[in-house]
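Engineer: Hints given; two lone chains; assemble the complex.
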Amino acid sequence: MKNLALELDDAVLSRPRLSILAALVGNDALDFTFLRNNLGISDGNLGTHLQKLEASGYISSKKAFVNRKPKTWFRITKEGRKALERLFRQLEAMLVQP
Amino acid sequence: MEDLKPLDDIRFLRDVVARTHAPAVNNYWSVTLMWGCVLTLGYVVCAWLGLEHKVAAIPWVMPALIYLVALPLNWYFRRKVRTGIEDAGVRAPLRKDLLGCWVSIAIVGCLWTAALVVSGEMARHWYLVVFVWASLYVVGFVINAVLLSSEWFWAAGIMLASLIAALIAGADFYWLPGFCIGGTLILAGLLGRRNARRNLHRQPCTA
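For the record, the sequence lines run as chains D and P.
When we follow the working numbering, the leftmost residue of the first sequence carries the number 552, and every step to the right adds one.
When we follow the working numbering, the leftmost residue of the second sequence carries the number 1364, and every step to the right adds one.
These are calculated hints, taken from the structure and not from any lab test.
Note that this is a predicted model, so its numbers are computed, not measured.
Positions of the beta carbon are idealized from the N, C-alpha and C atoms, including for glycine.
A few of these clues could be false.
Claimed, not checked - Okay, the calculated bits of chain D under chain P, using three or more residues with CB under 8 angstroms as the criterion:
id: 1; stretch: 565 to 573
id: 2; stretch: 577 to 588
id: 3; stretch: 606 to 614
To be verified - Result set (DSS-like, lysine-lysine): computed pairs, CA atoms no more than 30 angstroms apart in a straight line:
id: 4; chain 1: P; residue 1: Lys1443; chain 2: D; residue 2: Lys613
id: 5; chain 1: P; residue 1: Lys1459; chain 2: D; residue 2: Lys614
id: 6; chain 1: D; residue 1: Lys613; chain 2: P; residue 2: Lys1459
id: 7; chain 1: D; residue 1: Lys614; chain 2: P; residue 2: Lys1417
id: 8; chain 1: P; residue 1: Lys1417; chain 2: D; residue 2: Lys629
id: 9; chain 1: D; residue 1: Lys629; chain 2: D; residue 2: Lys613
Unchecked claim - Computed footprint of chain D on chain P, listed as stretches where at least three residues anywhere in the stretch have a Cβ under 8 angstroms from a Cβ of chain D:
id: 10; stretch: 1457 to 1463
id: 11; stretch: 1466 to 1474
id: 12; stretch: 1492 to 1498
Just chain P, with the same shape it has in the complex (with noise of 0.2 angstroms):
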């Protein structure tokens, strides 16, 4: 008790907690990459169709890609990935605050998108329904930049800029935010991946 220095203490504990807690890195990029990969096939289908003049079809091609495609993929690389991490001994914590927000993200999208339906607008302004989708994913990716990881800074920054440009270009360029939400979801994906590869490494310290 003679020789108890509180201020090593309290040193050698942040050396512990630097070495022991979870880096801010998004672990699950692989999910990230693949929401971004099938979000992109679905804007490319649907504009196809809207070339082809299928419009009966388009409302269908996102529901199916994200249920029959999205989820199942999503459960296989979110197991894969936690097996991973439980392997190295460390079983993180559920991160409340981030599912809550991606949950609310998804409820208020939902019903914007079925308000646009019911009134008649999704038909007669087909954009406004990504501009609802392209503006609450710039605040969900604010949101992960401050709670998970620094790279989803520039996926909401390009997410802005791109609703930004097309109000400012006008009606030929309405679809390039929608574009931008699988686009952005793979950069912040790619930029994950790096980011996870860079804290692979960490130093033990001794007790």
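Here chain D stands alone, though its shape is the one from the complex (with noise of 0.2 angstroms):
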């Protein structure tokens, strides 16, 4: 039988980086402070997985000023939809398999 556990994408397989996905997937675009605030990542993981996050072009960020204070702001990229609807696909895949 196919292995279908082997086929996932590591990229979004880890919780931290799936669950920034998924906040990122319903909204224009999300603050790191709202991301940690909200996800319970401390600062240094937040970073490292979104930098992982980035480097597979699945995100992509931007600086800019809000109220005279700096904000990044995270927003997910075309790819970045695909890989976790492809993801989707492949855990119901899991699920269904005998």
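Structural biologist: Written as structure tokens, this is what we have:
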């Protein structure tokens, strides 16, 4: 039998990275502080996971000022959406596999 | 990989989505409230001018209020709310569906109004323009309720009830739906404020 678990995308598979993509998919952009506060990930960990996702081309970042305060905005890319959809399909296939 | 639990992952993602996606509330309730106040004021001024037999000024009241008061205030309140949301770390997607709905309603309403003016029906039956706009607002409120937040069902219900009541009660009550346009927007603004405040606090989840 084909081992579906081996085909999963490692860049998306870890829970923190999965939660970052899931949070970004329903919003135009989210900033670092919002992600940290709402996902319960420490600053260092979040930074590392965001870097990995950005390096994979699944998210993009942009620095901007809001009310004269600097913010780093993160946005999911088309590739990121596709990767998330692909993962859901794979998880679904794993669930229905006898 | 071996300890992968798809069901747990899906449950976990459901939690993340519930905490990070925008709740179904109208954060722009202040804009709604402002439009309600301006339209009610415009309607009261038009009614007063009608009672004073200064009919020539009536067509200018609403456009003047909309372009000189409502649109600048709309810009100011929208900017204020958007900055507040961005300050909290969220940049919400542009609701093209809602934008399309209200632009279509405005275009259809303006075309009907123009047709009534050009055909001369507006001078003979002033209430037709009120019924046209009130009917369009019922449709818009229902779409808002489905796409945005539930308080718009109340606005749609009251607007529809006022239309039916005016039709049943007869010519003496034809002013009612027009008055309810502003009134229902004020109601939707106030209910939207309550719903938005209820959804202010979210608990963080752990990844």
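Engineer: Looking back at the numbered hints, which does the structure fail to meet, lowest number first?
Structural biologist: 3, 7, 8, 10, 11, 12
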